[in-house]
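K.L.:
This is what each chain is made of:
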Amino acid sequence: MVDARLEPNRMAPILEPPENSDSLHPEPEVLFDDAPIEATVLAHLEGRSIVTVSDFSRREVIELCRLAAMLEAIEVSRFRPLDGKIVVTAFFEASTRTRTSFESATFRLGGNIISIPEGQVTGVKKGESLSDIGEMFNAYADLVVMRHTDTDAPRQIRQNLRVPLINAGNGTGEHPTQALADWYALLKWRPDLIGPDLPLEKRLHLGILGTPGSMRAVKSFLLMSLLFRGAIRKITVISEMADPFGDDVGREIRKCGIDYHVTNDIQSNLRELDVIYMNSIAFLGDSYKALDARYKLDNNSPLKEDAVILHPLARLDELSTSLDDTRHNLYFSQAHGAVFMRQGLLASVFGRLDRLSEAISIIAA
Amino acid sequence: MVDARLEPNRMAPILEPPENSDSLHPEPEVLFDDAPIEATVLAHLEGRSIVTVSDFSRREVIELCRLAAMLEAIEVSRFRPLDGKIVVTAFFEASTRTRTSFESATFRLGGNIISIPEGQVTGVKKGESLSDIGEMFNAYADLVVMRHTDTDAPRQIRQNLRVPLINAGNGTGEHPTQALADWYALLKWRPDLIGPDLPLEKRLHLGILGTPGSMRAVKSFLLMSLLFRGAIRKITVISEMADPFGDDVGREIRKCGIDYHVTNDIQSNLRELDVIYMNSIAFLGDSYKALDARYKLDNNSPLKEDAVILHPLARLDELSTSLDDTRHNLYFSQAHGAVFMRQGLLASVFGRLDRLSEAISIIAA
Amino acid sequence: MVDARLEPNRMAPILEPPENSDSLHPEPEVLFDDAPIEATVLAHLEGRSIVTVSDFSRREVIELCRLAAMLEAIEVSRFRPLDGKIVVTAFFEASTRTRTSFESATFRLGGNIISIPEGQVTGVKKGESLSDIGEMFNAYADLVVMRHTDTDAPRQIRQNLRVPLINAGNGTGEHPTQALADWYALLKWRPDLIGPDLPLEKRLHLGILGTPGSMRAVKSFLLMSLLFRGAIRKITVISEMADPFGDDVGREIRKCGIDYHVTNDIQSNLRELDVIYMNSIAFLGDSYKALDARYKLDNNSPLKEDAVILHPLARLDELSTSLDDTRHNLYFSQAHGAVFMRQGLLASVFGRLDRLSEAISIIAA
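Protein chains in written order, with our numbering: chain A, 1 to 365; chain B, 1 to 365; chain C, 1 to 365.
Incorrect hints may have been included.
[Stated by the list, open to error] With a Cα cut of at most 27 Å, we get these calculated DSS-like pairs of lysine-lysine:
id: 1; chain 1: C; residue 1: K234; chain 2: C; residue 2: K202
id: 2; chain 1: C; residue 1: K202; chain 2: B; residue 2: K85
id: 3; chain 1: A; residue 1: K202; chain 2: A; residue 2: K85
id: 4; chain 1: B; residue 1: K202; chain 2: A; residue 2: K85
id: 5; chain 1: A; residue 1: K85; chain 2: C; residue 2: K85
Source of the hints: derived by calculation from the structure; they are not laboratory data.
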């Protein structure tokens with residue numbers, strides 16, 4: 001696979017896009033029509049664990065998004081690239097949405113799933129350590145997807161785990177595959193954001209409704225946005241908290257020299273934003289809390305005409321369904337694309353992109 | 001598949017029937033030996049959702065029963081007709097029996113399962129709407145099997161769901177695939193019931209021990225029985241409730257002009273019945289209740305010599321195990337056949353009957 | 001398969017052994033390098049249920065260990081010997097470790113899993129009998145793996161179950177597949193233990209930290225050890241209980257004439273032992289209890305230089321992680337090997353060893 005590039009085989013069947021009223025569903029083809037995928041970039045992911053956004057380079061994120069686009073456009077399940085592979089989905093914090101997304105991605109690629117929907121009912125209840133659980137998984141699985149209430153959980157399980165780990169959310173830590181899905185939605189919507197240094201008038205004003213320091217999806221989105229700093233004019237964080245960043249996020253954002261602004265005033269800032277990222281749920285200690293509950297959006301909110309909204313879902317009432325049938329709704333596309341993004345990531349980490357060569361031609365670089 | 005008919009390929013291996021003492025296990029062959037299946041009838045099910053018994057025509061029920069009989073008689077798993085397809089079993093009300101029945105049916109046909117055994121532990125707990133969950137499933141699955149405590153749940157999830165839904169029980173609503181299994185057992189036992197207009201002495205006197213208005217399996221059985229009115233002489237409902245029907249069932253039963261009778265006296269009616277349908281469990285509000293608990297059957301009950309008992313199971317003490325080894329026991333055959341019926345339904349809704357052509361020859365109509 | 005013998009096909013890929021610091025990971029090759037497996041011995045397991053250790057002969061245990069060794073050394077998943085087969089993992093007592101071990105073993109052989117991680121949420125909650133559940137499984141599955149808090153559960157479910165049952169732990173009863181994994185680890189470590197009558201100086205002094213009468217894993221290990229009496233010099237049971245055996249274990253151990261000794265003094269006995277078997281958790285009534293909690297091992301414990309420790313895991317603090325990186329640690333190898341042992345058992349019970357003939361040559365006896 002070294003020095004190879006991928007492009008779709010036009011003989012393969014094209015999947016139907018969803019037909020969803022007026023919501024935005026940008027076509028995936030825009031991300032790969034003009035150039036083949038650089039397989040050599042993705043080859044570096046083979047065998048790697050994904051714990052934080054910092055495990056990705058900008059090039060890797062872009063090529064993963066372009067691979068996801070191919071997988072969204074082309075039916076590949078009959079090639080079974082993960083044939084014989086077993087993925088454990090170990091959810092010590094329950095999340096049907098994320099768990100089933102990974103399980104669906106694995107099945108679409110022909111792999112098998114050992115599902116642990118509620119890890120707390122296991123040996124953990126009896127007091128077993130994550131490190132011992134990691135040792136156990138070595139014999140049972142080829143890759144582990146884990147969600148946990150404890151921010152330190154990925155480090156603990158990796159003390160003995162020798163197969164790759166994908167972090168699907170750790171306490172107030174990160175949720176890096178959600179950030180991949182977020183940016184996949186943005187790049188389908190605006191493929192020009194891939195460009196390393198956009199003219200100022202084309203750059204985005206990103207708005208974040210929420211508190212990155214205690215909302216891991218928000219934090220990972222923000223950290224991945226820093227990889228695309230050449231496409232961003234400004235970041236505005238609207239939060240009830242005076243210091244909505246944790247130490248590490250604050251340091252990263254200052255280090256990269258991006259223009260950012262923190263406020264608790266939603267009214268005077270909302271109409272300036274090109275992208276609004278929101279999440280209802282913050283992780284506090286051992287449980288969820290609806291943070292920043294004052295900040296709600298509906299179809300009367302003063303949004304810029306072509307502003308788009310991202311939300312990792314599930315939502316409560318902070319995001320009104322009255323926005324579902326509008327051109328601001330990019331969150332359904334974001335949710336829909338997540339499963340293809342996870343397919344691309346799994347195929348890359350398993351080093352099985354070559355098994356797709358009947359559907360996606362491999363081009364020598 | 002249009003204008004095609006199916007008959008079994010005699011080279012295919014025949015499954016062993018269960019050997020269960022004296023209980024009734026009618027052979028499935030009686031349902032397809034004399035004529036091929038009308039594939040054009042089943043082709044109308046492709047892509048359809050199944051929410052109530054009224055989603056079926058009489059012809060569809062008959063051809064589904066005959067297809068189930070073929071699938072019970074012939075081993076088809078190696079043809080993998082659902083290869084590459086993903087079924088979500090979303091049980092917001094737990095039911096191992098029904099869930100595993102659908103999962104087994106899917107695996108026997110080569111499909112994959114995403115299992116949500118206890119939907120209440122998911123985003124729902126955080127307040128997510130069924131409509132949002134439906135939108136999520138579009139990306140993850142090709143078909144959804146759902147059970148829910150809320151009678152209105154199928155309508156809610158279908159607001160955004162674009163893949164077919166099979167209702168596996170909704171509150172006090174319906175359980176249409178259970179009714180298919182019920183009638184499959186009856187038709188194997190008495191294939192002549194397929195005839196549209198039986199002579200009076202061959203028609204059945206159906207007895208129902210229970211309250212259709214709050215027992216969804218009983219309700220669906222009763223509604224499907226109305227499709228076979230030409231095979232029924234009379235329906236007697238034995239219930240503690242003065243009006244055991246809900247509004248809609250009462251209207252349907254009166255509209256079809258069938259002779260029916262409501263009583264709370266089991267002793268004087270039991271010996272008249274050809275078929276006794278019972279269920280121990282009624283759904284009341286948010287929980288189960290053992291209704292009509294006075295009505296119990298055992299091997300001392302005054303049953304007609306050739307009367308048969310149906311019960312959707314699980315049972316409590318209303319149906320004594322002393323009846324298991326008698327010729328009245330059709331309920332084990334009913335339970336055994338359910339998985340083949342669900343196979344037939346899944347293959348039809350997925351439009352994949354043609355993949356069985358090596359086992360079941362397709363005959364042009 | 002009758003009169004056939006198996007040996008590995010050297011063309012098949014060899015699996016990488018785990019690289020785990022100083023812990024013991026004996027190579028599986030030692031168990032099959034000198035002689036082919038006697039397939040005729042394993043053929044007797046086809047279609048059989050495994051409820052207690054007494055369901056195995058000594059020859060069957062040895063050949064299962066040798067088959068497990070081949071499966072550990074050679075990648076066989078692409079041959080899918082369990083293709084089309086469905087295994088139900090019915091855990092009426094939750095255990096992620098054992099459940100996922102069986103599920104992984106089934107997937108590695110190409111079978112499907114219907115997973116019931118917490119059986120108590122099902123019809124059982126409504127009062128359904130195990131005998132009715134067994135009848136249900138006949139239609140859904142080809143083999144049932146069950147764990148249950150009730151020691152009598154295997155007998156109850158088998159009243160109607162006609163497919164094979166593998167007991168994965170029943171109350172204070174047995175855990176026979178754990179004993180297979182235990183002895184598989186011991187035979188890899190000391191292949192000479194297979195010999196029927198070792199010279200005294202080569203025989204093992206087995207030490208058991210725990211109470212076989214209320215610890216099913218300990219009991220099954222002890223009962224299987226009696227099959228290898230020619231390799232054992234003495235058994236010492238170190239327990240807080242005056243009579244740590246139940247009636248049946250006591251009778252068996254006396255009947256076989258092995259030298260055994262019961263004590264509550266760990267200090268003066270530990271340095272004599274060649275093998276130490278321990279388990280933290282005893283099953284008392286309906287729940288677990290940490291029994292014999294005074295008996296803890298760490299890297300300061302006075303162990304014989306080449307003594308090895310076995311533990312079925314999960315562990316609490318009775319087995320210190322300070323022992324993990326020592327040559328006493330055979331428990332990681334024991335855990336790692338369990339999944340291959342279960343593969344071998346499943347392939348044998350399903351009578352599908354012939355499907356492995358591309359990887360493992362079948363030699364006529």
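K.L.:
If a hint holds in the structure, say so; if it doesn't, say that too.
P.N.:
Right, here's what the structure says about each hint:
no.: 1; hint: C:K234 with C:K202; verdict: 12 Å, holds
no.: 2; hint: C:K202 with B:K85; verdict: 57 Å, violated
no.: 3; hint: A:K202 with A:K85; verdict: 43 Å, violated
no.: 4; hint: B:K202 with A:K85; verdict: 57 Å, violated
no.: 5; hint: A:K85 with C:K85; verdict: 18 Å, holds
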